[in-house]
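Enquirer: The sequence shown: position 10 = 10 (this note's numbering), numbered continuously.
Calculated directly from the structure, the hints in this document are not laboratory data.
Possibly wrong hints are sitting among the right ones.
Straight-line alpha carbon distances no greater than 20 Å define the calculated SDA-like cross-link-like pairs of lysine to any residue that follow [said to hold, decoys possible]: (1) K76 - E97; (2) K69 - A39; (3) K69 - R41.
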Amino acid sequence: MRSKEIAGGAPAPAGGAVIAAAASPSPPSPEAEAFYAEALRELAGLDVPFLLSGTYAVAAYTGISRPTKDLDIFCKAGDLPRVLSHFQAAGYGIEIEDER
1 MRSKEIAGGA
11 PAPAGGAVIA
21 AAASPSPPSP
31 EAEAFYAEAL
41 RELAGLDVPF
51 LLSGTYAVAA
61 YTGISRPTKD
71 LDIFCKAGDL
81 PRVLSHFQAA
91 GYGIEIEDER
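Please take these sequences and the hints and turn them into a complete structure.
Expert: Structure follows, in structure tokens:
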């Protein structure tokens, strides 16, 4: 791979855009941060094992963050009905992506 390409042969962003984004990430709004924190407290209160994924997981493992508008969670298939019914009863909007 040449130094000006990233995996798959795509050209690297001009001017170090990736490094600049990592160095000065856009923090979530206070309202968004409070919403996500409350959702995670709700989930933790269910005593169901789960994994946080998406933007927040990437930020935790790499230090690179970006704006987001959702919270991505993985749980065991058997726990899903309990998690969904809890969040629906609490008034949260739910989206499920199933690629089967």
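Enquirer: Given the hinted pair K69 and R41, is their alpha-carbon gap at most 20 Å?
Expert: It holds: about 18 Å lies between the C-alpha atoms, which stays within 20 Å.
Enquirer: Need the status of pair K69, A39: alpha-carbon distance at most 20 Å?
Expert: holds, 13 Å
Enquirer: Does E97 lie within 20 Å of K76 when you go C-alpha to C-alpha?
Expert: Since the Cα atoms of K76 and E97 sit roughly 15 Å apart, the hinted pair holds (cutoff 20 Å).
Hint compliance for this structure: no hint is broken.
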